[in-house]
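Novice: The lines below spell out each chain.
2 protein chains.
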Amino acid sequence: MSTSTLTPSKTKLHSYWRSSCSWRVRISLAYKQLPYEYVPVNLLKSEQVSSEFAALNPNCRVPTLEIDGHVLHQSGAILEYLEETHPSPALLPKDAFARAQVRNLCGIIGCDIQPIQNLAVMKRSAANLPESEQLAARMAWSKEWIERGFDVLERELVKTAGTYCVGDSITLADIYLEPQVYNANRFKVNMEKYPTIVRIVEKLAEHPAFHAAHPSQQPDATE
Amino acid sequence: MSTSTLTPSKTKLHSYWRSSCSWRVRISLAYKQLPYEYVPVNLLKSEQVSSEFAALNPNCRVPTLEIDGHVLHQSGAILEYLEETHPSPALLPKDAFARAQVRNLCGIIGCDIQPIQNLAVMKRSAANLPESEQLAARMAWSKEWIERGFDVLERELVKTAGTYCVGDSITLADIYLEPQVYNANRFKVNMEKYPTIVRIVEKLAEHPAFHAAHPSQQPDATE
Numbered sequence: 001m002s003t004s005t006l007t008p009s010k011t012k013l014h015s016y017w018r019s020s021c022s023w024r025v026r027i028s029l030a031y032k033q034l035p036y037e038y039v040p041v042n043l044l045k046s047e048q049v050s051s052e053f054a055a056l057n058p059n060c061r062v063p064t065l066e067i068d069g070h071v072l073h074q075s076g077a078i079l080e081y082l083e084e085t086h087p088s089p090a091l092l093p094k095d096a097f098a099r100a101q102v103r104n105l106c107g108i109i110g111c112d113i114q115p116i117q118n119l120a121v122m123k124r125s126a127a128n129l130p131e132s133e134q135l136a137a138r139m140a141w142s143k144e145w146i147e148r149g150f151d152v153l154e155r156e157l158v159k160t161a162g163t164y165c166v167g168d169s170i171t172l173a174d175i176y177l178e179p180q181v182y183n184a185n186r187f188k189v190n191m192e193k194y195p196t197i198v199r200i201v202e203k204l205a206e207h208p209a210f211h212a213a214h215p216s217q218q219p220d221a222t223e
Numbered sequence: 001m002s003t004s005t006l007t008p009s010k011t012k013l014h015s016y017w018r019s020s021c022s023w024r025v026r027i028s029l030a031y032k033q034l035p036y037e038y039v040p041v042n043l044l045k046s047e048q049v050s051s052e053f054a055a056l057n058p059n060c061r062v063p064t065l066e067i068d069g070h071v072l073h074q075s076g077a078i079l080e081y082l083e084e085t086h087p088s089p090a091l092l093p094k095d096a097f098a099r100a101q102v103r104n105l106c107g108i109i110g111c112d113i114q115p116i117q118n119l120a121v122m123k124r125s126a127a128n129l130p131e132s133e134q135l136a137a138r139m140a141w142s143k144e145w146i147e148r149g150f151d152v153l154e155r156e157l158v159k160t161a162g163t164y165c166v167g168d169s170i171t172l173a174d175i176y177l178e179p180q181v182y183n184a185n186r187f188k189v190n191m192e193k194y195p196t197i198v199r200i201v202e203k204l205a206e207h208p209a210f211h212a213a214h215p216s217q218q219p220d221a222t223e
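Taken in order, these protein sequences are the chains called A and B.
Each residue of the first sequence is one higher than the last, beginning at 1 in the numbering used here.
Each residue of the second sequence is one higher than the last, beginning at 1 in the numbering used here.
These aren't lab readings, by the way, just hints derived from the structure by calculation.
Glycine included, C-beta positions come from ideal geometry on N, C-alpha and C.
Mixed in with the good hints, there may be bad ones.
Stated by the list, open to error - Just a few of them, taken from the derived set where beta-carbon distance is under 8 Å, the chain A residues facing chain B: (1) Gly76; (2) Phe97; (3) Arg103; (4) Leu129; (5) Glu156.
Okay, chain A solo, but in the shape it has when bound:
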């Protein structure tokens, strides 16, 4: 990450409509009512590995957020930054244990599920197989890791959830949950096993910030 020497300019989110990590940041920005310019990065055209984009983010990933004269990477780091610099409306509870509960759920999704079912890892997981078997193997790979994670998540949510993942206020955990359920549906996970997850996500869909951040509402959406 680098610090610009220029005057802080407009907030810019480098995003891909279907990227679940970009989606997390879009929800926080919308929830906190922070205006931003949407800069599409087409992952299918490998725009994230262009030298121009690599100069902005050596990890060649979205989201990348230009804000307050800085360039920020990694959705988790960005969400905590937004929380610290724009604490209201809050996406973390005040109590330390409740915050740990929220971050535990974020970790289950953000470390144990999403990175493994991510496009690059999924592709690589089937690379040793004959080409005719690769598509099915990839789908099975991602479905399996999402189910493994959702089995855990459902058990945790039974203990922590109120209206939302932790109690009755929207938190970072909800921001991680909705994109992951979208991916679960893409990989044909049977969601009937996860009634608490389904209930929460249905409720989240009613919120204007979650609506505004949805992939279908982005300028680069193709479906």
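Given the coordinates of chain A, assemble chain B onto it according to the supplied hints.
Specialist: Showing chain B alone in chain A's frame:
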């Protein structure tokens, strides 16, 4: 995570000597000089999936920390909790952008590298291959993901590092770095490509907290 109804008792860390996520928490506890009881969980004997352990952590993973009458999971959530409840000595800078730099590095290791080279994922990555090819394929898998991540990390550290990962104070980023370098060595990554990473880790090894938390110093170490 659950709240015990009993009086808060002794802090207990459920850990496996070689688990890099447990190692992160051990460093923080040592750095903040918080005494704790070490409870070994032998992952090679699948003790983490016992019904007793699953009751403590439905994710069946280490680290699991019993502290202040609570049970905490996920190393990232635990580290932030320790930071919030025992802020001194600090493992995060005060400045919001510097904190984002630290958490970006934590994310590169904690989301993009470690979960993918993790034992279960590594094993599964080669499960479709003939048994005679599995060991080599697993090793190649983990080595490849660590190298991909370290290529990025080295470029980021050139910008952020002083004596340590971000400036001249030890932060959470250093806590993530040391265990990941240990794994890199296990998977025979050529560390000559990463002079900044090597320099920082050599410096960290001199610190008593990093020494105390090292796998070789744990009661369940077998090597």
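Novice: Each hint: holds or not?
Specialist: Here is what the structure says about each hint:
no., hint, in the structure
1, Gly76, "5 Å, holds"
2, Phe97, "5 Å, holds"
3, Arg103, "4 Å, holds"
4, Leu129, "6 Å, holds"
5, Glu156, "6 Å, holds"
Hint compliance for this structure: every hint is met.
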